[in-house]
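Spelled out, the chains give:
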Amino acid sequence: MTDPGDRKEEFLALLRPHRDSLEAFARRHLRDRQAAEDVLQESAAAAFGSFDRFQPGTNFRAWMFAFVARTALHWNRRSGREATLALFPEPAAGDLPEALALEEAYEGLLADPSRIPAAIEGSLAGSLASLSDGERSVLLLRAIGDLKYREIADILGCPLGTVMGSLSRARSKMRRRLADAAAETRPARSAARPADGGAR
Amino acid sequence: MTCAEVLRYLSPYLDSELDPRTSFDLAEHLARCEPCAARVRGEERLEAALASALRGGVADPALWRRIEGSLPAAPRRRRLRLLPALAGALALSGAALLAWALWPGPRPGELDLAAAVAADAGAEQPEAGFVPSLRPPEGRRGFRYEGGRHCSLRGTPVEILRGSAGGSSLTLYVARSEALARFPEAAARIAAAGSGKAVRCRLPDGRSFAAASGGGRLVFGCGAAPPEVLDDLVLATLAAEGR
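So the protein lines, in turn, are chains A and B. Following my numbering, the numbering of the first sequence begins with 1 at its first residue and continues without gaps. Following my numbering, the numbering of the second sequence begins with 1 at its first residue and continues without gaps.
Calculated from the structure, these hints are not laboratory results. Quick caveat, the model's predicted, so the values are computed rather than measured. Backbone N, C-alpha and C define an ideal beta-carbon position, used for all residues, glycine too. There's no promise every hint is true.
What follows is a list of derived Cβ distance ranges for each label pair [said to hold, decoys possible]:
1) A:Pro-17 <-> B:Ser-70: 31 to 41 Å
2) B:Ala-38 <-> A:Gly-126: 48 to 58 Å
3) B:Glu-127 <-> A:Ala-129: 40 to 50 Å
Per the computed footprint, the stretches of chain B lying under chain A, defined by three or more beta-carbons under 8 Å from a beta-carbon of chain A, are [what the hints assert, rightly or not]:
4) 36-46
5) 64-70
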């Protein structure tokens with residue numbers, strides 16, 4: 001029979017390479033530091049409790065992310081965070097000049113990679129907060145978990161099409177916030193152009 | 001494919017989740033349309049920066065020490081009698097061994113590109129009307145072309161050519177050299193080998209693998225043919241005039 005201590009060490013050895021990603025996922029998903037730590041602790045305990053059902057040779061990373069993602073979603077439902085988030089209205093579609101200005105700002109950002117870090121820095125927290133729980137889960141499982149659409153669908157128990165739709169909406173919202181941030185940090189020469197002045 | 005369609009498929013394309021045919025068409029469009037190619041490059045940079053920012057932040061080793069310390073000594077024990085427990089353990093070990101034996105993925109020391117080829121099921125039917133952009137001269141090393149299709153290998157659009165040489169079946173893959181960005185080990189080995197040379201290794205099932213790049217193209221292949229035959233066919237394909 002396997003020594004119980006060996007099983008724990010085996011679990012921890014599998015877990016260690018993914019700890020940073022799991023922690024980043026929890027912190028980005030929940031924002032509240034204490035909640036993130038509680039979710040990680042709860043997830044690790046639940047996963048270890050089910051470790052006998054883990055199939056060796058399968059994707060431990062996806063298996064572990066499933067525990068953290070489901071616990072985070074459950075935590076948010078329990079704490080009513082989802083309902084709170086839903087109270088924030090989506091930014092209005094805006095009139096055409098504003099939409100064009102945003103598109104221009106976004107394209108300017110894509111064309112000038114040196115401005116990307118500042119735009120992300122200025123918009124990341126707000127853009128994540130603008131996502132629904134489901135959208136945030138899908139986006140983070142893809143970006144941090146590096147999981148395939150099928151794996152994300154299995155974790156969240158939803159159809160593949162829902163994953164693709166949620167991811168597309170999440171990215172669209174993130175890019176809108178990025179465009180806003182990029183417009184605010186636009187280089188002076190470009191910002192001084194008459195078209196921009198009229199659009200803003 | 002139109003520029004508007006490129007934007008529509010952008011998200012799954014960046015995630016390597018697009019179906020092989022659409023992925024191939026999109027890559028072909030990007031090769032011809034610089035504005036779209038620039039947009040995709042920009043989106044790739046942005047997506048990488050976003051992922052990096054999301055993953056960033058200070059990890060807390062103390063948190064994980066607490067978590068590790070809080071775990072019990074063993075997973076939750078189910079009340080199993082000795083015999084079923086032993087049977088379960090044997091079944092698990094057998095499954096693990098079987099999974100290891102059948103796993104077509106990367107092994108230590110194996111090229112990443114070869115691992116992707118090894119994982120390719122390779123059972124698809126040839127595509128009707130398919131004309132490869134490159135192929136080795138018919139008859140070289142006894143090569144006989146049997147058909148091909150568009151496909152996607154780890155999200156990279158490729159053309160697959162099935163054929164045989166000297167009675168051994170083999171598969172050749174043709175892609176744009178940019179595809180090497182997804183296979184850094186192969187890229188480094190090919191760069192070290194220099195132009196006009198193929199790099200080679202063995203797949204887990206014993207088949208030979210060879211790859212070479214030049215003139216904006218990447219050609220690789222695998223098969224039961226001797227390594228020198230495969231090398232020659234890969235290089236001959238690379239040197240062939242495109243359609």
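Hint by hint, here is what the structure shows:
no. : hint                                : in the structure
1   : A:Pro-17 <-> B:Ser-70: 31 to 41 Å   : violated, 20 Å
2   : B:Ala-38 <-> A:Gly-126: 48 to 58 Å  : violated, 28 Å
3   : B:Glu-127 <-> A:Ala-129: 40 to 50 Å : holds, 47 Å
4   : 36-46                               : holds (count 6)
5   : 64-70                               : holds (count 5)
Hints 1, 2, counting from the list given before, are not met by this structure.
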